[in-house]
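Participant: Based on the sequences and whatever the hints tell you, model everything.
Chains P, F, L and W are the protein sequences, given in the same order. Here the first sequence is numbered in my numbering, starting from 59 and rising by one per residue. Here the second sequence is numbered in my numbering, starting from 59 and rising by one per residue. Here the third sequence is numbered in my numbering, starting from 855 and rising by one per residue. Here the fourth sequence is numbered in my numbering, starting from 855 and rising by one per residue.
Hints are computed from structural coordinates only; laboratory data are not their basis. Note that the structure is a prediction, hence the values are computed from the model and not measured. From the three backbone atoms N, C-alpha and C, an ideal C-beta is built for every residue, glycine too. Mixed in with the good hints there might be a few duds.
Said to hold, decoys possible - Incomplete in silico selection of chain W near chain P, CB under 7 Å:
#, residue
1, R896
2, A932
3, I933
4, Y947
5, Q959
6, M985
What the hints assert, rightly or not - From chain F, some residues computed to sit far from chain W (all C-beta separations above 12 Å):
#, residue
7, V221
8, Y224
9, L272
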Amino acid sequence: MASDRPPTGLSRELIALRAARELEPGSIVNLGIGLPTLVAGFVEPADHILFQAENGILGYSGISESDFDSDLINAGGQPVDLVPGASFFDTADSFTMIRGGHIDAAILGGLQVSARGDLANWYVPARGGGSVGGAMDLAVGARRLIIAMAHVTREGEPRIVDVCEYPLTAECCVDVIVTDLAVIDVTVGGLTLRETAPGISAEEVAAWTGTPLLIPSSVPEMSL
Amino acid sequence: MASDRPPTGLSRELIALRAARELEPGSIVNLGIGLPTLVAGFVEPADHILFQAENGILGYSGISESDFDSDLINAGGQPVDLVPGASFFDTADSFTMIRGGHIDAAILGGLQVSARGDLANWYVPARGGGSVGGAMDLAVGARRLIIAMAHVTREGEPRIVDVCEYPLTAECCVDVIVTDLAVIDVTVGGLTLRETAPGISAEEVAAWTGTPLLIPSSVPEMSL
Amino acid sequence: MTVEICDTPEAAVGDIANGATILVGGFVSAGTPSNLILALKRTGQTGLTAVANNIGLGDLLDELCENRQLARVIATFAIRASGTRSSRFEAQYRAGEAELELVPQGTLIERLRAGGAGLGGVLTRTGLGTMMADGKETIEIDGERWLLERPLRGDAALIRAWRGDRQGNLQYRLAGLNFNPVMATAADVVIAEVEEIVEAGEILPEQIATPGIYVDRLVQCEPVPVRWDG
Amino acid sequence: MTVEICDTPEAAVGDIANGATILVGGFVSAGTPSNLILALKRTGQTGLTAVANNIGLGDLLDELCENRQLARVIATFAIRASGTRSSRFEAQYRAGEAELELVPQGTLIERLRAGGAGLGGVLTRTGLGTMMADGKETIEIDGERWLLERPLRGDAALIRAWRGDRQGNLQYRLAGLNFNPVMATAADVVIAEVEEIVEAGEILPEQIATPGIYVDRLVQCEPVPVRWDG
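Facilitator: Next comes the structure, spelled out in structure tokens:
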């Protein structure tokens, strides 16, 4: 399948929007660097979702357009604005929150996700070294882990695979995968297609997925 | 020896005063409940000794005569006054200070001290249960441990003994013992008499001590 | 993250189950949730395990012994060395009617912190070579021996702060912090009494020592004056 | 407890030894001791091990690679997934001229905390089943497996706060806390750069996040503007 071009699915912004819809009102959410950061722009203020950044902020509303303050950034170094009731704390307290199970959901980027929900997202073998940040702690500590990523690599290789080839972030940690082509749940029975992107068929999703997908008899199209 | 009455040595206040003289200028000191608490009243302000209380205060100057504020107490529940530059912190941070070796000296009370500097000060077998507070953490964490106590029990039994009969607070932790009769150093060679209380002879100290004392040829009297 | 504002301390603690483990903040008189403790006396749950720095040192936790509500206490101060004044808990402990697990203070707070922070245990020197190490594993790391202490959590935590906002953020005053912020991380239901409830934003971000996500219930009440006279 | 007020950042870092392990506070641009890092570049020590959240993310730690001062880096962000912009450290790492120990952020801070708090190690689930667990002990406690991570300390810590007083007490602003308060507990010599040095008492007790007893040297300097643009 890697010889064909994959179908054009959601833009990065629409992946972020769809991932935002996974968040329960009132929940505490950590957003990974990159695409997940965009999610902050797509939540309804009325839902009172509170964003935590591992560098020690609880309660930022999104990327700031104001003057840059080097001491007021998210974990990706971007300037943020605060909501009323926001608080600051040190890294030890931040990971008490994360590792201790006090974060309702994390949305992270992914390099690969396996059939049993293993995540690989911190180490590209060709580059070595790696950058892990808080990803491993979030993967074991967040109550619900949502991966937001492109369905296939730039080279057209599936990122959803039988077994991750890239080094793992954590085993059996992913709950749901939101891509440009689909929303897929990790269930005890296996990966289950929940929704397809507009104009994408279940068969196309399956064709660009590197491991068997459970496909219910009726798979709705995302409403965006 | 327990049949005789022990000689009259220092009052509790003078034991505290003598213990206070053990403190280096500029040092960070934790005072145990009871007699050690009195030490705060006997340091020279010019020595800039900073008292830490395990309930989360660094920088109190002594027992307060002002109106009682239930949120401003030392570890013994007594009201305290603060010095400029004082700070508050939670119990976790307080024991980072104590266990982590950031306290220069602790002055604790004692039930028994052994020849090798074991301390017993938290459990009276006849009463059971015990109250340990921060004593065990201070005994392992303070850089220098000073025990301030009566040389013998009310029944006239030595508290400085070959081996503690009471349950230990920590092994090999005591550096110096200040009593109503003497100042005794715990050295690698054994317990060494450093000073006697006014009017008390080295022989009297040895007689009321339950383990051999090394007695230098000349033992000065305390200057108080 | 939604915090429930309760009208009375009884409403805040009423559904704590018989047999529950309750973490009780405070250190002698400082930061002690006395209103919540007295409410628990009135709501009458029994078979409780209380985790607290102290019992019977001027605190009101000892009041729960009047109707034998405490089956077990995990504390650092519990039985005084001198018998001149005895607490109710002491009497019940001696009569074998209540159990006691005495824990060094630095170990107690670190066990609670591990419980709240998702850590598997505490490796400390404190207690090595003492009764506190009886029956516990020690682990050798690079030639040094450490005592392994277990994480500790509560079904509920009763804590006290100075001010709380409508998102549950808490600000403490003076030495009122002590065990409260860590206990707030280590229980399934966290109940805080405060002197004043204010709007979100009135407590500045730098003044918040317990973020509201840890707090489930908030109740405003006048502090109960307590004092220990030794 | 005496804190030394240094006239220049070079005077503050000048006696750090070649081959020392330095803890470097900050998180990308927030709370980063850029003046102290640049001073270290000028004083020129080599063979250093740097422990920091990140290197090459707009921080100036990467500057120390210009004259190959860093032999080893212990960090959470070091090598970017995409190769569009490369740091000096990346080049030296690839050339085998500098070593890297990558550590999960929550484990790095907890290892530093253990180093400062006299704890024997960290028991965490983070990293289990991954490359991070290679060569490390796991310990089973009550049927659950935990990864044992070692405490971490520095010969010196370079940290940044907003204000410091003449007793060394430090106040941070906004998200400038991050690694700084814990690193201040975990090094033999703690050096802090601040924007302003004030008299003792001007920073209120509740505003002090690093008590002065942890701080050995204080230097007042204008912050160096840093920013990461991804």
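Participant: Checking a non-interface call: every C-beta of chain W should be farther than 12 Å from the C-beta of V221 of chain F. Is that right?
Facilitator: holds (27 Å)
Participant: For the hint on I933 of chain W, does the least C-beta distance to chain P fall short of 7 Å?
Facilitator: holds (3 Å)
Participant: So, as I understand it, the hint says R896 of chain W touches chain P; can you test that by seeing if any CB pair is closer than 7 Å?
Facilitator: violated (22 Å)
Participant: Looking at L272 of chain F again, its CB stays over 12 Å from all of chain W?
Facilitator: About 32 Å separates L272 of chain F from the closest Cβ of chain W, which puts it past 12 Å; holds.
Participant: Just double-check Y224 of chain F for me: nearest Cβ-Cβ distance to chain W has to come out over 12 Å.
Facilitator: holds (25 Å)
Participant: Just to be careful: measuring from the Cβ of Y947 of chain W to every Cβ in chain P, is the smallest value less than 7 Å?
Facilitator: holds (6 Å)
Participant: The hint names A932 of chain W as touching chain P; please verify it with the least Cβ-Cβ distance against 7 Å.
Facilitator: Holds, about 5 Å.
Participant: Please verify that hint: Q959 of chain W, Cβ, nearest Cβ of chain P, below 7 Å or not.
Facilitator: holds (4 Å)
Participant: Does the closest beta carbon of chain P sit nearer than 7 Å to the beta carbon of M985 of chain W?
Facilitator: holds (5 Å)
This entry does not satisfy hint 1, going by the numbered hints stated previously; all others are met.
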